[in-house]
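For this one, chain S is given, so just place chain F on it according to the hints.
The listed protein sequences derive, respectively, from chains S and F. Using our numbering, the letters of the first sequence correspond one by one to residues 2 to 359. Using our numbering, the letters of the second sequence correspond one by one to residues 283 to 513.
Source of the hints: derived by calculation from the structure; they are not laboratory data. Incorrect hints may appear among the rest.
Claimed, not checked - Covered stretches of chain F, going by a simulated chain S footprint (3 or more residues, C-beta under 8 Å):
| no. | stretch |
| --- | --- |
| 1 | 338 to 350 |
| 2 | 362 to 370 |
| 3 | 373 to 379 |
As the list claims (entries may be wrong) - Across the chosen pairs, the derived CB separations fall in these ranges:
| no. | chain 1 | residue 1 | chain 2 | residue 2 | range |
| --- | --- | --- | --- | --- | --- |
| 4 | S | Val200 | F | Gln409 | 24 to 34 Å |
| 5 | F | Asp343 | S | Pro100 | 41 to 51 Å |
| 6 | S | Ala38 | F | Gly416 | 56 to 66 Å |
| 7 | S | Thr14 | F | Thr455 | 46 to 56 Å |
| 8 | S | Leu118 | F | Ser488 | 24 to 34 Å |
| 9 | F | Arg507 | S | Leu336 | 58 to 68 Å |
| 10 | S | Thr14 | F | Gln409 | 30 to 40 Å |
| 11 | F | Arg338 | S | Leu118 | 21 to 31 Å |
| 12 | F | Ala404 | S | Asn8 | 27 to 37 Å |
| 13 | F | Gln409 | S | Pro100 | 39 to 49 Å |
| 14 | F | Gly306 | S | Leu118 | 30 to 40 Å |
| 15 | S | Ile127 | F | Gly363 | 23 to 33 Å |
| 16 | F | Lys331 | S | Gly122 | 19 to 29 Å |
| 17 | S | Met326 | F | Gln409 | 37 to 47 Å |
Unchecked claim - Beyond 12 Å from chain F on every Cβ pair, some chain S residues (computed):
| no. | residue |
| --- | --- |
| 18 | Leu35 |
| 19 | Trp39 |
| 20 | Pro87 |
| 21 | Ile111 |
| 22 | Leu143 |
| 23 | Gln256 |
| 24 | Gly257 |
| 25 | Gly285 |
| 26 | Ala296 |
| 27 | Leu307 |
| 28 | Arg310 |
In this text, a Cβ means the ideal position worked out from N, Cα and C, and glycines have one as well.
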Amino acid sequence: MKSVAKNLTLSRTLLYAVIAIALTALPFVVDATLGRAWVRIIDVALLFVMLALGLNIVVGFAGLLDLGYIAFFAVGAYAYALLASPHFGIHASFLVLLPLGALVAAAFGILLGAPTLRLRGDYLAIVTLGFGEIIRIFLNNLNRPFNITNGPQGITLIDPIQIGGLSLAKTFHVSGLTIAPVHSYYFVFLLCTLGVIFVTHRLENSRIGRAWVAIREDELAASAMGINTRNVKLLAFAMGATFGGISGGLFASFQGFISPESFTLLDSIMVLCMVVLGGMGNVGGVVLGAILLTALPEALRYMGPLQQRWLGQVIIDPSDLRMLMFGLALVLMMLFRPAGLWPSKTRRRELATEKPGD
Amino acid sequence: MRGLKVAYGGINAVKGIDLEVGAGELVALIGANGAGKTTTLKALSGLLKPAAGSVRYSGEDITAKPAFELVRRGLALVPEGRGVFARLTVEENLAMGAYIRDDHAAIAADREHAYATFPRLAERRAQLAGTLSGGEQQMLAIARALMCKPRLLLLDEPSMGLAPLVVQTIFETIRKVAREGVTLLLIEQNARLALQTCGRGYVMESGLITLAGDARALLDDPQVRRAYLGE
Chain S
2 MKSVAKNLTL SRTLLYAVIA IALTALPFVV DATLGRAWVR IIDVALLFVM LALGLNIVVG
62 FAGLLDLGYI AFFAVGAYAY ALLASPHFGI HASFLVLLPL GALVAAAFGI LLGAPTLRLR
122 GDYLAIVTLG FGEIIRIFLN NLNRPFNITN GPQGITLIDP IQIGGLSLAK TFHVSGLTIA
182 PVHSYYFVFL LCTLGVIFVT HRLENSRIGR AWVAIREDEL AASAMGINTR NVKLLAFAMG
242 ATFGGISGGL FASFQGFISP ESFTLLDSIM VLCMVVLGGM GNVGGVVLGA ILLTALPEAL
302 RYMGPLQQRW LGQVIIDPSD LRMLMFGLAL VLMMLFRPAG LWPSKTRRRE LATEKPGD
Chain F
283 MRGLKVAYGG INAVKGIDLE VGAGELVALI GANGAGKTTT LKALSGLLKP AAGSVRYSGE
343 DITAKPAFEL VRRGLALVPE GRGVFARLTV EENLAMGAYI RDDHAAIAAD REHAYATFPR
403 LAERRAQLAG TLSGGEQQML AIARALMCKP RLLLLDEPSM GLAPLVVQTI FETIRKVARE
463 GVTLLLIEQN ARLALQTCGR GYVMESGLIT LAGDARALLD DPQVRRAYLG E
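So here's chain S without its partners, still in its complex pose (with noise of 0.2 Å):
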């Protein structure tokens, strides 16, 4: 028995050793396959697991639909640049500022979930939508009559990730290896998902994680459980918030601009689908579902060249067969696979449950 026990731990070792070797090298070998631009796909991926992570606390977890999620997402990428910017002439250190923007957002998701700990289904999720159009149109609007947020015009010239006086925007050449800036950030982006996906993990099974599932379920009974049905609704709320609001902040300095033009209701909607495709509830249904979400759109731009090349001239633009392509995957995904490509345990039961004779 022991020592099938200790096989297992070895080959689990080893299988970790395996997906370690393999997200260390995969920039690379995505930059001199692919090319450099699906290198900033994948980074661009990892912000939005991050944030499809947080949402899915909320959304899958706790079962609190909210539809203005990327809020939290602008208040980490707002907080970050105005802290980073020429634009006030402050340049605070990253790892001060990452914490700081998820606090700040984490203090915004309280700031939801506070006047709307009565509210459930559409009551809630059209509250939430318009939380996060106030936050947009603040955003927008916080130019006059104090300069804040300057506006539409957004912030520009925001500072790169500097740890330790090592700016990432630098390109290194380690024997023979050149790592870009985009690889750089990989690793920062890299590091901080897993961290989520950890923290999600610990959450899912503790006692906090539980109490979602019950108010999930039944609100009135999980408060006869002895659940504190407001505060473990607020944390939610503030946990997917804090996550949103990391990436939010990576995401600012990452592009080294941002404007309210990034923050629309499509992009919280964007993220709600990569949660429902993926799997609702289910960690790895939701990393999943939200690296095709980004790169499929990304692929289909090879469309437009491979129809000159065999048809002689594009007949359908890829950025309407992008849409075209969403729709369309939607609507098969709510047919054959309900619950998400990769389902959570529950969701998956109760599906299952519903055929019928049962």
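Just chain F now, kept in the frame of chain S:
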């Protein structure tokens, strides 16, 4: 557990009532639809804030204390319509009932005890609660409430929507629970069964307590017989 008094307004669903449950007692609160029984229970268990009056429990004022705090003090509620977590298994439901506890060994023992009390649940421990029959769900709701080791258990209409035979089984288990030393306040429309099961009873009508006393005496009361027992 003495001197429970609720009085509250708004739509005046409950217009000032006095109610008392002594330790170890099995008390029934009966009345027709809309008499204010459930409202009373919600006020007792902290789900509603009374507009006036006070609720005392074990010598402590618990008026308008939120429900989750009362559970920690040993006051549990089995809500109307059972309120089991339909998409969780029987076992997960019971685990949720022990949410406030962290003594894992004792929880496991209590779970086995619950399965011994409700053998039907043991057979279906891996099944989703939503797929259980109404009676089984009610058993699960009671078993789940017992998992937090309550001293006072509030039961809201355990017979609602159940077949007469199943209702008999439920009441048997209620008696069994009472024998184990849990104090019970039972809200029922099924007046006869409730009064036969309980030691004392209260009759509620349009937000007021109209009769109170020994359950046997209430069963023989001509007014109760006419209004609630259909004679």
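(message) Tell me the numbers of any earlier hints that the structure contravenes, in ascending order.
(response) none
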